[in-house]
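Peer 1: Single-letter residue listing:
Number of protein chains: 2
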Amino acid sequence: MTIQAVLPPGVSKESFAAALAEYRAIVGDQWVFVDLERLAPYSRLMVPDDDAAHQPCGAIAAGSVEEIQRILAVSNKYKIPLWTISVGRNFGYGEAAPATPGQMILDLKRMNRILEVDPELGTALVEPGVTFKQLHDYLIEHNLPFWFNKPAPAPVVGPMGFTLERGMGYTRYQEQAQNFSGMEVVLADGSVIRTGMGGAENAKTWQAYRWGYGPWIDGLFLQSNFGIVTKLGLWLMKRPAAHKTWAAGFLDIDGAARSVEVLRDLRLDGVIENGMVAHMSYGVALTQKRSDLFNGPGAIPEEMWAGMAKQAGLAVWSAVGTVFGHPDQIAINLDIIRKAMTAAGGFFITEEQVSGPASILFNNIKMITTDQLSLEDFAIFNYRGSGGAWFAPVIPSKAKDVLECYRISQRTLAEFGFDYIGGFMIGYSGRHFDAASIILYDRDNPEEFKRAKQCYLKVVDACAKAGYPLYRAGTPIMKMTADFYGEAQKTINARLKHMFDPNHILSPGKSGIA
Amino acid sequence: MTIQAVLPPGVSKESFAAALAEYRAIVGDQWVFVDLERLAPYSRLMVPDDDAAHQPCGAIAAGSVEEIQRILAVSNKYKIPLWTISVGRNFGYGEAAPATPGQMILDLKRMNRILEVDPELGTALVEPGVTFKQLHDYLIEHNLPFWFNKPAPAPVVGPMGFTLERGMGYTRYQEQAQNFSGMEVVLADGSVIRTGMGGAENAKTWQAYRWGYGPWIDGLFLQSNFGIVTKLGLWLMKRPAAHKTWAAGFLDIDGAARSVEVLRDLRLDGVIENGMVAHMSYGVALTQKRSDLFNGPGAIPEEMWAGMAKQAGLAVWSAVGTVFGHPDQIAINLDIIRKAMTAAGGFFITEEQVSGPASILFNNIKMITTDQLSLEDFAIFNYRGSGGAWFAPVIPSKAKDVLECYRISQRTLAEFGFDYIGGFMIGYSGRHFDAASIILYDRDNPEEFKRAKQCYLKVVDACAKAGYPLYRAGTPIMKMTADFYGEAQKTINARLKHMFDPNHILSPGKSGIA
Numbered sequence: 001m002t003i004q005a006v007l008p009p010g011v012s013k014e015s016f017a018a019a020l021a022e023y024r025a026i027v028g029d030q031w032v033f034v035d036l037e038r039l040a041p042y043s044r045l046m047v048p049d050d051d052a053a054h055q056p057c058g059a060i061a062a063g064s065v066e067e068i069q070r071i072l073a074v075s076n077k078y079k080i081p082l083w084t085i086s087v088g089r090n091f092g093y094g095e096a097a098p099a100t101p102g103q104m105i106l107d108l109k110r111m112n113r114i115l116e117v118d119p120e121l122g123t124a125l126v127e128p129g130v131t132f133k134q135l136h137d138y139l140i141e142h143n144l145p146f147w148f149n150k151p152a153p154a155p156v157v158g159p160m161g162f163t164l165e166r167g168m169g170y171t172r173y174q175e176q177a178q179n180f181s182g183m184e185v186v187l188a189d190g191s192v193i194r195t196g197m198g199g200a201e202n203a204k205t206w207q208a209y210r211w212g213y214g215p216w217i218d219g220l221f222l223q224s225n226f227g228i229v230t231k232l233g234l235w236l237m238k239r240p241a242a243h244k245t246w247a248a249g250f251l252d253i254d255g256a257a258r259s260v261e262v263l264r265d266l267r268l269d270g271v272i273e274n275g276m277v278a279h280m281s282y283g284v285a286l287t288q289k290r291s292d293l294f295n296g297p298g299a300i301p302e303e304m305w306a307g308m309a310k311q312a313g314l315a316v317w318s319a320v321g322t323v324f325g326h327p328d329q330i331a332i333n334l335d336i337i338r339k340a341m342t343a344a345g346g347f348f349i350t351e352e353q354v355s356g357p358a359s360i361l362f363n364n365i366k367m368i369t370t371d372q373l374s375l376e377d378f379a380i381f382n383y384r385g386s387g388g389a390w391f392a393p394v395i396p397s398k399a400k401d402v403l404e405c406y407r408i409s410q411r412t413l414a415e416f417g418f419d420y421i422g423g424f425m426i427g428y429s430g431r432h433f434d435a436a437s438i439i440l441y442d443r444d445n446p447e448e449f450k451r452a453k454q455c456y457l458k459v460v461d462a463c464a465k466a467g468y469p470l471y472r473a474g475t476p477i478m479k480m481t482a483d484f485y486g487e488a489q490k491t492i493n494a495r496l497k498h499m500f501d502p503n504h505i506l507s508p509g510k511s512g513i514a
Numbered sequence: 001m002t003i004q005a006v007l008p009p010g011v012s013k014e015s016f017a018a019a020l021a022e023y024r025a026i027v028g029d030q031w032v033f034v035d036l037e038r039l040a041p042y043s044r045l046m047v048p049d050d051d052a053a054h055q056p057c058g059a060i061a062a063g064s065v066e067e068i069q070r071i072l073a074v075s076n077k078y079k080i081p082l083w084t085i086s087v088g089r090n091f092g093y094g095e096a097a098p099a100t101p102g103q104m105i106l107d108l109k110r111m112n113r114i115l116e117v118d119p120e121l122g123t124a125l126v127e128p129g130v131t132f133k134q135l136h137d138y139l140i141e142h143n144l145p146f147w148f149n150k151p152a153p154a155p156v157v158g159p160m161g162f163t164l165e166r167g168m169g170y171t172r173y174q175e176q177a178q179n180f181s182g183m184e185v186v187l188a189d190g191s192v193i194r195t196g197m198g199g200a201e202n203a204k205t206w207q208a209y210r211w212g213y214g215p216w217i218d219g220l221f222l223q224s225n226f227g228i229v230t231k232l233g234l235w236l237m238k239r240p241a242a243h244k245t246w247a248a249g250f251l252d253i254d255g256a257a258r259s260v261e262v263l264r265d266l267r268l269d270g271v272i273e274n275g276m277v278a279h280m281s282y283g284v285a286l287t288q289k290r291s292d293l294f295n296g297p298g299a300i301p302e303e304m305w306a307g308m309a310k311q312a313g314l315a316v317w318s319a320v321g322t323v324f325g326h327p328d329q330i331a332i333n334l335d336i337i338r339k340a341m342t343a344a345g346g347f348f349i350t351e352e353q354v355s356g357p358a359s360i361l362f363n364n365i366k367m368i369t370t371d372q373l374s375l376e377d378f379a380i381f382n383y384r385g386s387g388g389a390w391f392a393p394v395i396p397s398k399a400k401d402v403l404e405c406y407r408i409s410q411r412t413l414a415e416f417g418f419d420y421i422g423g424f425m426i427g428y429s430g431r432h433f434d435a436a437s438i439i440l441y442d443r444d445n446p447e448e449f450k451r452a453k454q455c456y457l458k459v460v461d462a463c464a465k466a467g468y469p470l471y472r473a474g475t476p477i478m479k480m481t482a483d484f485y486g487e488a489q490k491t492i493n494a495r496l497k498h499m500f501d502p503n504h505i506l507s508p509g510k511s512g513i514a
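The listed protein sequences derive, respectively, from chains A and B.
In terms of my numbering, the first sequence opens at residue 1 and continues consecutively.
In terms of my numbering, the second sequence opens at residue 1 and continues consecutively.
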């Protein structure tokens, strides 16, 4: 028998062996992993932090709510922490690995049923292991006129993790936290609760009306370690009659900042439903290796980006989006967007007008904003190496904040020799943008790894101190991010944690809640 | 000194007198009320329940967070429950009176500052006592291009209560629970927490981005008694370039049921943002006294409504709404709505085409769906007497559920001699409707009061048992409604209550949480 790399903190080898025997009796030998080889998928990191800091002690794949309840009983008995994952990706945010070493991964991939899709209401009830690919295939197979909100790496990730992490999508529904309804949650003591209308045994609106009656507790299970969500109600997006992707090009960050205000006002006016403003570096990183572009010291200088843009006929910054609806609505809305972006100094085009290198960008935008599934966004990890860490400070939708947050991010990354690769994604209401950037680095280069780690901590710190803390944090910076949110929130989270999970067996360290 | 009517449960007269002296020392004599006359506004009931069941022991009006903290200390010391109100209306849901007798009303009307309005983001930070009238005047005075989501009796109620009760509006933003960002909450132990981005001292997005980092606790303070919300971030609605009110008339409930499905599909297609389907009785009740219409036994028969409709050139049921936007967008969207409603058998008109009695309905719809403020909806309480109780079962947006919920409601009301007055309001996502009805009765007629009380309990029970529990309950039926939502939700609410408020001094009985 191969021995696992680490033990759960404070648990003896004998005690852990006894627990493993009990886990195996619940799920079967084949669903408990402790050898390093089989743990590899749960240990692999892209974020810049030491592997040892996130090494699991093992993994267990549960097949049902009842198995989860029995696993919890064992974990409570032996005080073995369980780091719950659904599909188990979370690329650039810590992947499947736990926030702290020695946790047992509770993998829910086997629970992957699409339990119900209502073809009239456009709702779905799914288990944690369901992937977007699976949902996509289901909708096609059943000839249902629905799309769904999804993140870029949709095929290999799923709606459960996307929702619970409060991911940002690109369709009409954008912010996933605004667009789900109802959960089933297993608490640490094994009790099961159905939230919202799901509490009423015979209610016909569990997936249709999210708020239920009395206090709404679903929010407690977002980015949290207070329970294990085993069922989730999704709102599917009706397939639009038509759609068209557009872009407005800008020469510099000042133009990008103006375009953020344009997107804000268009959103407040109900003209657009999605939108982002991206630096050309993102598109370049998708298609080229950095070493083919630049071998100088430090980050690629802004003038070089500008030169490359000029040569390729691309904009340095592009505001992009897709409008949905009846063709007549689309024509009018595009006309409004065109006028507003042009007035802000943008060069406006729609998908029919595009050619050359800009086509790649357009196809990427079209793919993520519609029902197409593709893994082409993963090509970004070929840019510099296998390492990547997302960070997304939350900014108000104002030009001055775009400029300030960009300046801090770009300068801090450059200070450590990394290129600014990112942009600004509009939030649900139009009032905030996620200033989403990714530190791309070569994880196999120890010196670069070290720089990436320092850079990651510094840029997040600098943004937060300027008034732009993150909305979501990778495992290495969860505690640090929680600190930015202050003592009062930490105290209440700690009290809630103690109430829900007195033995602290559920995902300790998640969102800084130990 | 006039003596108050009741004492807090389990508190002696001497102990209460001592507490009152301490309360007075905090807020001043003029802000503590115990004599019956001054308590009248806090005791007045429209819902059909005995006055004695909701009699406060007194009222105290706090002027600041610091005063609230000191009041909480006194209440914890003497175990005096505080029933918190903001503006203190909640018409037809229990008004200002507590769920159980002997509670001290904690009135926050003095805390009525509009603390901040961001003219670019369209956000406002308000205190509990702010009314919609005040916000309306503020926006006009500062020439800001914003409206807000609001309920029918907007002038005399406020955004705090509207939001915390999860009220339904009629503008682009409809469901208020989807459209606020950030709270400040005083907990029972006097600690103060700012939620969401408000936890980060210098974050610039407290009112712009609602979800913050980690678990989202704001939902815990909706329809709840876990804390006292002292500040709230609102999302204002940008003033649209134009708007137009429309209606589609139907002859019977079958047509109304079809129109609900039409509204659902239009909402899923992004064509409409609001909408409701109302029985003509609502419009009639706004403008006429029942005794002038009908003196027979029992409820007004459906045939009589049909006859009145025919005579007046009105529809028995009307699907109504307002479209917002650029005039070109409006024209296209109205055309789509017209085609869909006509295909469903509706007679479609827009505001320019209306004349005669239908104008009253149109003006009412236009008023509640735009920025107009009016109290004309109150005229409904002249229909039969001063009594009224709203109940709104949640139904999926399907014709069969419209028919079933209507049938149960109409028959149960008729069984007790009351007219069905209500309709169906579309929810935020289009997937559910609130089947909102009001029992209008003469509260000064003891026999009718008794019937109304029985009817209220029976209709709510019958709807819930058919799968349509309420989303919000009047004080007399809070416990009953909580029971429908099951043991698991009751247990978790009780655990949360115990954690937040071990002495149970905050609004005991609210949402059935004792």
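Take these hints with a grain of salt, some might be off.
Unchecked claim - Pairwise CB distance ranges (calculated): (1) I140(A) <-> N382(B): 55 to 61 Å; (2) T491(B) <-> E141(A): 46 to 52 Å; (3) S15(A) <-> A21(B): 44 to 50 Å; (4) D50(B) <-> A241(A): 30 to 36 Å.
Claimed, not checked - Just so you have them, the derived chain B footprint on chain A, three or more residues with Cβ under 8 Å: (5) 118–131; (6) 198–207; (7) 221–227; (8) 390–399.
Calculated from the structure, these hints are not laboratory results.
Ideal Cβ placement from N, Cα and C applies to all residues, glycine included.
Peer 1: Which of the listed hints are broken here?
Peer 2: Hints 2, 3 and 4 are the ones this structure does not satisfy, whereas the remaining hints hold.
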